[in-house]
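Trainee: Sequence:
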Amino acid sequence: MKDNADLVRSWLRKADSDPIVVKLALDAEDALDTACFHAQQAAEKVLKAYLVAYSRAFPFTHNLSKLLILCGGLDSEFDSPGDEAKYLTPFAVELRYDNDFWPSTADVEAARDLASKIRSFALQRLPAALRTGSP
Numbered sequence: 001m002k003d004n005a006d007l008v009r010s011w012l013r014k015a016d017s018d019p020i021v022v023k024l025a026l027d028a029e030d031a032l033d034t035a036c037f038h039a040q041q042a043a044e045k046v047l048k049a050y051l052v053a054y055s056r057a058f059p060f061t062h063n064l065s066k067l068l069i070l071c072g073g074l075d076s077e078f079d080s081p082g083d084e085a086k087y088l089t090p091f092a093v094e095l096r097y098d099n100d101f102w103p104s105t106a107d108v109e110a111a112r113d114l115a116s117k118i119r120s121f122a123l124q125r126l127p128a129a130l131r132t133g134s135p
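Under the working numbering, think of the first position of the sequence shown as 1, with each following residue one higher.
Incorrect hints may have been included.
Unchecked claim - Distance ranges between label pairs, derived from CB positions: (1) D6 <-> A106: 33 to 41 Å; (2) S55 <-> D30: 37 to 45 Å; (3) A128 <-> E29: 15 to 23 Å; (4) E29 <-> Y97: 18 to 26 Å; (5) R56 <-> D16: 36 to 44 Å; (6) T61 <-> E109: 22 to 30 Å; (7) F60 <-> F101: 20 to 28 Å.
Claimed, not checked - Straight-line C-alpha distance at most 25 Å; calculated DSS-like pairs for lysine-lysine: (8) K86 <-> K66; (9) K14 <-> K66; (10) K86 <-> K117; (11) K66 <-> K117; (12) K117 <-> K14; (13) K23 <-> K117; (14) K23 <-> K86; (15) K14 <-> K86.
Rather than coming from a laboratory, the hints here were simulated on the basis of the structure.
Every residue, glycine too, gets a C-beta built ideally from N, C-alpha and C.
Can you build the whole structure from these sequences, using the hints too?
Mentor: This is the structure in structure tokens:
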């Protein structure tokens, strides 16, 4: 069984692959919905890593606002990206099943940039030893 540090690193390793997929999909220009999904996933996974680092349970959810509220219970600074995170949440589920919504390149770039901001924000608040191996 993995300890918390190993679980945190596992979440971060999973989160590391999502920005790579975003870049590939954005460069290909024909998988923009997939790019938005992976931008959301990058943010979600790093928030879950943060919660695991501090032994905080979280529900099965893709809702970044809910995850940020839980993170905010540990560090009030997590209120900062809260409103912006609402932009990413629909990319987790609705985007994949709504056949009428196709994101633009601008949507992907906004999602990528916001996910990167949330990722950096959360990583800065993790102990340095847990950030090892995660850019």
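Trainee: A separate judgement is required for each hint: does it hold in the structure or not?
Mentor: Hint-by-hint comparison with the structure:
| no. | hint | verdict |
| --- | --- | --- |
| 1 | D6 <-> A106: 33 to 41 Å | holds (38 Å) |
| 2 | S55 <-> D30: 37 to 45 Å | holds (42 Å) |
| 3 | A128 <-> E29: 15 to 23 Å | violated (38 Å) |
| 4 | E29 <-> Y97: 18 to 26 Å | holds (22 Å) |
| 5 | R56 <-> D16: 36 to 44 Å | violated (22 Å) |
| 6 | T61 <-> E109: 22 to 30 Å | holds (25 Å) |
| 7 | F60 <-> F101: 20 to 28 Å | holds (24 Å) |
| 8 | K86 <-> K66 | holds (10 Å) |
| 9 | K14 <-> K66 | holds (20 Å) |
| 10 | K86 <-> K117 | holds (14 Å) |
| 11 | K66 <-> K117 | holds (17 Å) |
| 12 | K117 <-> K14 | holds (17 Å) |
| 13 | K23 <-> K117 | holds (16 Å) |
| 14 | K23 <-> K86 | holds (22 Å) |
| 15 | K14 <-> K86 | holds (22 Å) |
Of the numbered hints listed earlier, those contradicted by the structure are 3 and 5.
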